[in-house]
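A.B. asks: Listed below, chain by chain, are the residues.
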Amino acid sequence: MVSTAKARVLVGLFVAALGVILLRVFDPATAGIFPPCPLHYLTGWYCPGCGSLRAMHALLHGNLQQAWAMNPLTIMLLPFVAYGLASELLGVVRGRGLPQPVLPASYIRALCGVIVLFGIVRNLPLYPFSLLAPGAMLHL
Amino acid sequence: MFCPQCGASNADTAAVCVQCGRNLQPGVPVVPLPVTGVVMPPPGTPVQNYLVFAILTTVFCCLPAGIPAIIYAAQVNGKLQAGDFAGAKAASDSAKMWCWVAFGLGLAAILFWVLIAGVGMLKQMSH
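Protein sequence lines, in the order shown, are assigned to chains L and B. Heads up: the first sequence begins at 1 in the numbering used here, then just goes up one per residue. Heads up: the second sequence begins at 1001 in the numbering used here, then just goes up one per residue.
By construction, these hints were calculated from the structure, which means they are not laboratory data. Note that the coordinates shown come from a computational prediction; the quantities given were computed from them, not determined experimentally. C-beta: ideal position from N, C-alpha, C; glycine also. A couple of the hints might just be wrong.
Not everything, but these chain B residues come out facing chain L in the computed CB check (under 7 Å) [as the list claims (entries may be wrong)]:
| no. | residue |
| --- | --- |
| 1 | Val-1052 |
| 2 | Ile-1055 |
| 3 | Val-1059 |
| 4 | Ile-1070 |
| 5 | Ala-1073 |
| 6 | Ala-1074 |
| 7 | Asn-1077 |
| 8 | Gly-1078 |
| 9 | Leu-1080 |
| 10 | Phe-1103 |
| 11 | Gly-1104 |
| 12 | Leu-1107 |
| 13 | Ala-1109 |
| 14 | Ile-1110 |
| 15 | Trp-1113 |
Chain L regions said to be covered by chain B (calculated; three or more residues, Cβ under 8 Å) [unchecked claim]:
| no. | stretch |
| --- | --- |
| 16 | 27-39 |
| 17 | 129-140 |
Just need the whole structure built from these sequences, with the hints factored in.
C.D. replies: If you want it as structure tokens, here you go:
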């Protein structure tokens, strides 16, 4: 009998593996099989996450420079998110996650501010902020 | 004695907990100390803040609906630090709800896009 939590993890792992394979094989910039960012599609503005799929694609091909140019925020947050997800996974599999310090609320608010600010600033047509638009750093 | 807030072992004469700084003397009103550093959660009372999922939806999946989830995640930790576990639980539920809202909106956007792309492909084929 598989518990619902374990079943959920299995489904999650399956979807994640599928995503990794698709992202490794297809380039989100040209393939057209990945959905575009809804905000960018509707308004033309970049959101804080725009370029993250292309960044993951570049990372899966070992190209850190291109990944960074697509979305530096995604790359910076990736280790923390990977740690958190690994902790969730271990929590279900062995009943105990990884040690997780409770971050002070001010840290999380600051992170929230950074994300929102990053989303605004990368839309400015002003050097050097314009470098934060997806891929702009590749054309220095 | 053991600290009622974080469970850390303290000397019986200790005025404040060595780990979380909670006042251990009876009769003295408990004033939550402003905590500036990183504190460990009390064992046995995990309150999820869903921060990882909020960041995942916001930054990795391009869904700005994750922003309220991050704000509620901050509230969870702020209330945990102040010792307000009921408030932390309520904020945790809100954070969870916003994560699902972000997820649902994202799923709806993907389905909408698949529909549009499918219709476009059919039109091309009929020409």
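A.B. asks: Holds or violated: Trp-1113 (chain B) as interface residue toward chain L, Cβ cutoff 7 Å?
C.D. replies: holds (4 Å)
A.B. asks: Interface hint check: Val-1059 (chain B), Cβ to nearest Cβ on chain L, cutoff 7 Å. Holds or violated?
C.D. replies: With Cβ-Cβ at 5 Å, under 7 Å, it holds.
A.B. asks: Using a Cβ cutoff of 8 Å, are there at least 3 residues of the stretch 129-140 of chain L near chain B, or does the coverage claim fail?
C.D. replies: violated (count 0)
A.B. asks: Does the stretch 27-39 of chain L contain three or more residues whose Cβ lies closer than 8 Å to a Cβ of chain B?
C.D. replies: holds (count 6)
A.B. asks: Next item in the hint list is Ile-1070 (chain B). Is there a CB on chain L closer than 7 Å to its CB?
C.D. replies: holds (5 Å)
A.B. asks: Verify the interface restraint on Ile-1055 (chain B): the C-beta must sit less than 7 Å from at least one C-beta of chain L.
C.D. replies: OK, holds: Ile-1055 (chain B) within 7 Å of chain L, min 6 Å.
A.B. asks: Closer than 7 Å between Cβ atoms is the bar; does Val-1052 (chain B) clear it against chain L? Give me holds or violated.
C.D. replies: Nearest chain L Cβ about 3 Å off; hint holds.
A.B. asks: Would you settle whether the hint for Asn-1077 (chain B) is holds or violated, based on the nearest Cβ-Cβ distance to chain L being less than 7 Å?
C.D. replies: OK, holds: Asn-1077 (chain B) within 7 Å of chain L, min 5 Å.
A.B. asks: Given Ala-1109 (chain B) as an interface hint, is its Cβ closer than 7 Å to any Cβ of chain L?
C.D. replies: holds (4 Å)
A.B. asks: For the restraint on Leu-1080 (chain B), tell me whether the closest CB of chain L is nearer than 7 Å.
C.D. replies: holds (6 Å)
A.B. asks: Classify the hint on Ala-1073 (chain B) as holds or violated, based on whether any CB of chain L lies nearer than 7 Å to its CB.
C.D. replies: Where the cut-off is 7 Å and the nearest Cβ of chain L is about 5 Å from Ala-1073 (chain B), the hint holds.
A.B. asks: Should the hint that Leu-1107 (chain B) touches chain L count as held when the rule is a Cβ pair under 7 Å?
C.D. replies: Status violated, d = 10 Å.
Of the numbered hints given earlier, the model fails hints 10, 11, 12 and 17; all others are met.
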